[in-house]
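Start from the sequences and build out the full structure, keeping to the hints where you can.
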Amino acid sequence: MNVSAIVSGKLIKLKLSPGLAVAWKQNKGRRMSEAEAVRFVETKRREHALRQASPYLASRA
0 MNVSAIVSGK LIKLKLSPGL AVAWKQNKGR RMSEAEAVRF VETKRREHAL RQASPYLASR
60 A
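Okay, so the sequence shown: first residue is 0 according to numbering that gives the first Met the number 0, each after it adds one.
Possibly wrong hints are sitting among the right ones.
Derived pair list, reagent style DSBU-like, types lysine-lysine, alpha-carbon separation capped at 35 Å [stated by the list, open to error]:
#1 K43 <-> K27
#2 K14 <-> K43
#3 K9 <-> K43
#4 K27 <-> K14
#5 K24 <-> K43
#6 K12 <-> K43
#7 K24 <-> K14
#8 K9 <-> K24
Keep in mind that the hints were calculated from the coordinates and are not lab data.
Next comes the structure, spelled out in structure tokens:
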């Protein structure tokens with residue numbers, strides 16, 4: 000599957016791997032609201048921060 004994307008104001012055309020093409024087609028038409036996107040990113044950030052802190056927290060217990 001060939002796709003186009005705008006990166007830094009330039010049109011980039013590339014070919015997706017078969018796995019990415021399937022995922023792209025499955026997610027077609029799905030969009031996140033701005034609040035959902037912020038919630039998603041904050042959840043990922045929080046999970047990452049806890050993973051990074053767990054060795055420190057374990058040694059303090």
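Each hint, compared with the structure:
Simply put, K43 and K27 have alpha-carbon atoms about 23 Å apart, close enough for the 35 Å limit, and the pair holds. Taking the CA atoms of K14 and K43, the gap is about 28 Å. The hint holds against a cut of 35 Å. For a cut-off of 35 Å, the pair hint linking K9 to K43 stands: about 29 Å separates their Cα positions. Proposed proximity of K27 and K14 is supported: the alpha carbons are some 17 Å apart, at most 35 Å.
For the given pair, K24 sits about 24 Å from K43 by alpha-carbon distance, which is consistent with the 35 Å threshold. Restraint check for K12 and K43: the C-alpha separation of about 29 Å stays at or below 35 Å, so the hint holds. For the hint pairing K24 with K14, the CA-to-CA distance comes to about 14 Å; that is within 35 Å, so the pair holds. In summary, the hint linking K9 to K24 is supported, as the alpha carbons are separated by about 24 Å, within the 35 Å threshold.
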